[in-house]
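A.B. asks: Each chain, written out:
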Amino acid sequence: MRRVYDQKSLRQRTIWDHFILGLLMISTLVVMVPLLIIVGYVIINGAGALNWDLFTQELGSPARAMQGRPTGLVHTILGTAVVDLLAILIAAPLGLGAGIMLSEYPDHKLNPVLRILNDTLNGMPAVLKGLLAFSLVVKPMGTFSGLAGGVALAFVMIPIIARSTESALMNIPWTIREAALAIGLPRWRVILSTVMPAARTGLVTGFLIGFARAAGEAAPLMFTSFGSNYLPNHWSNMILGPVDTLPQRLYSLAISPYKEWHEMGWAAGIILLTFVMILFIAARFLTRQKIKT
Amino acid sequence: MKSTLIFKTLGFLAYSGIIILAASCGGGVSEERSAERETSDASRIDLLGAGASFPAPLVTAMADEYRDETNNRVTVNYQSIGSGGGIRQFVEQTIMFGMTEAFLSDEVMADVEKQTEGRAFNIPITLADVVPTYNLPGIGKGLVLNGEVLVDIFLGRITRWNDPKIAALNSGKNLPSLPVTVVHRSDGSGTTNVFTSYLTRVSDEWRTRIGFGTSVNWPTGIGGNGNEGVAGAVINTPGAIGYNSLSYALLNDMSFAYVENSSGNIIEPSYAATTAAANIDLPEDTRVLFTNTPAPDGYPIAGFAWMLVYENLDKNNAINSRRQAEELVQFIIWSITDGQELSEGLGYARLPEAAIQRSFDMIKQIKWRGDPVGQEMLKKAGLI
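Chains as they are written, first to last, in the working numbering: chain S, 1 to 293; chain G, 1 to 384.
One or more of the hints may lead you astray.
Here are some of the chain G residues that sit facing chain S, going by a computed Cβ distance under 7 Å [stated by the list, open to error]:
(1) R44
(2) D46
(3) A61
(4) N77
(5) E228
(6) Y248
(7) N252
(8) D253
(9) S262
(10) S263
Estimated spans, in silico, between C-beta atoms of each pair [claimed, not checked]:
(11) S:G123 / G:E353: 56 to 62 Å
(12) S:V39 / G:N265: 55 to 61 Å
(13) S:W52 / G:E353: 44 to 50 Å
(14) S:S135 / G:A381: 37 to 43 Å
Hints listed in this document are in silico derivations from the structure and should not be mistaken for laboratory results. As the structure is a prediction and not an experimental result, all values here were calculated from the model. Ideal Cβ placement from N, Cα and C applies to all residues, glycine included.
Construct the entire structure; sequences and hints are all you get.
C.D. replies: Spelled out as structure tokens, the structure:
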């Protein structure tokens, strides 16, 4: 009797197990399907517009596209790289610093305030960050600039990087820090040489999530990097003058009345997606390599 | 040392950054090299303007053309952010010139005068024509409407397309008994300004109940964001009527109405009819609406699109040098003279001669630190 009972229980458990596993797979699919649909839809619509001109020519006026003259997004692609790079260069040290402060100095008086401010910044609509960068950078400089765009995107990245840095460092057991302190390392050394290397995967992932989130933002760039139809006359104007970025250009191409520009918008979508994906793959590769050594 | 790992990661980011920067510099350098044959790098200028979306295709095409004509010496970057945005950024002094379909109000003019010790000039750059667009199965373009009928439709009084008032104007046409769906702009727009200014001028009731402006309190209908929003709603709704700029309607194959003007002539919207409409007595600052024009062959729902510049260019934070100021003035002069050649090909009406003369009078007064650069540039172009 007892054995039969046991077997029945086992069978029930197996069924239950399969059922839950099935549910999990369904939810995974539900998450994946929209992503795949989006990626697939963008590729189907944009692949036709991908051509060499897109990567070598400037946009110019819509007349160029309508009359079949060469037009492309080279200035947009370079502009996106410059603005995103400026943003991560500004945001990485600040976000990392804030994250270290929150995790490694938990008793510091400023921390509760810092945490509230960080969460507020994270929840703030991105367009307000653009306005902040407008008054901090654009107004004093007297012109829209790639730098202002970088600052606006940095405001998007900082709270994400700070939060993810904090949680990545918190995951490292406190005993490791105690062990390092016990052999006489100063506190900064402990953080730099034991805690951060141990948390590197989490740290890099945090950078990337912040980066990817900012790379897709159009709203904060509208009144900071502003947009341009050409490469600037001097390369320094990539930073000091108005530049084009993919998310913003994608938006303006999409609402334009021209069929040719709609197609180019889809192609811009492919480029932006590829850009973000390459970064994710690079990061995965980087962190994996580090684990082996 | 383990700590180097994180630095390597950061190092990679910085490194890839340098590569990208180097690539962008490289792009710039090769670009410069090709241009060096004609002009030295120091003499090359970037001009920045922004504003109304309606003239954007024309102005950017002018920028393309001007860049070629000056051998890449001058790059004009124009971004379409709407008339409201154009005025705002012009006043904030973040752009070298603005562009708008609604001229600067007296308050803004006074504000500018206070800030820059000089005036703001509204220089007509092209003409904006607004056409009633509709979706009536079986009826193409050319439905005849007049001011009274348009007011009744947009007030919500005419609710069916076979209304006797519409039928009286269109004897040969078989009007369906579809309900009328009014579509208007939901955003602030120069197009709305021109359209409502027409309705205001033909109807006292509209003037007192609704008035005109870049956005008004519509008594009926659904809102669409931008020219594209209105067009989308009209195209997808049988029985819908909205209003779009003529070039937009042509580009998107929309049916549009012919409108009876104040002289009783039925006018098919066209570049010539729009230019004719502007053939009136212009005030010196050209800040005038000429909807419901008295010109007998003029199309009645039209207005100027203006370029905005400061009288004292040195007072505009966005302009840093006399060279930039001179190049800006030269571009403005070119765009209202030679640049007008591009108009018809792109769906725009040419400026009438009177407006160009008024513009020259304004350009003459443009200064850089008290020097009359406007006058100098006009002389250089051989226009005075």
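A.B. asks: Each of the hints needs a verdict: does it hold here or not?
C.D. replies: Quick rundown of the hints versus the structure:
The beta carbon of R44 (chain G) is positioned within 7 Å of a beta carbon in chain S (closest approach about 4 Å), and the interface hint is therefore held. Taking 7 Å as the C-beta contact cut-off toward chain S, the hint placing D46 (chain G) at the interface holds, the least distance being around 5 Å. Interface hint at A61 (chain G): satisfied, since its Cβ lies 4 Å from the closest Cβ of chain S, which is below the 7 Å cut-off. A least Cβ separation of about 5 Å between N77 (chain G) and chain S falls short of the 7 Å threshold, and the interface hint therefore holds.
Because the smallest distance between the Cβ of E228 (chain G) and any Cβ of chain S comes to about 5 Å, under 7 Å, the interface hint for this residue holds. The closest approach between the C-beta of Y248 (chain G) and any C-beta of chain S is roughly 6 Å, which is under the 7 Å cut-off, so the hint is satisfied. The beta carbon of N252 (chain G) comes within 6 Å of a beta carbon in chain S, closer than 7 Å, and the hint placing it at the interface holds. The criterion of a C-beta within 7 Å of any C-beta in chain S is not met by D253 (chain G), whose closest approach is roughly 11 Å, and the hint is violated.
Hint on S262 (chain G) is violated. Least Cβ distance to chain S is approximately 31 Å, over the 7 Å limit. Here the hint on S263 (chain G) is broken, as its CB sits about 32 Å from the closest CB of chain S, past 7 Å. The hinted window of 56 to 62 Å between G123 (chain S) and E353 (chain G) holds, with their beta carbons roughly 57 Å apart. The hint said 55 to 61 Å for the Cβ distance between V39 (chain S) and N265 (chain G), and at roughly 56 Å that hint holds.
Between W52 (chain S) and E353 (chain G) the beta carbons are some 45 Å apart, a value that agrees with the proposed interval 44 to 50 Å. The hinted range of 37 to 43 Å is satisfied by S135 (chain S) and A381 (chain G), whose Cβ atoms lie roughly 39 Å apart.
Checked against the numbered hints given earlier, the structure breaks hints 8, 9 and 10 and satisfies all the rest.
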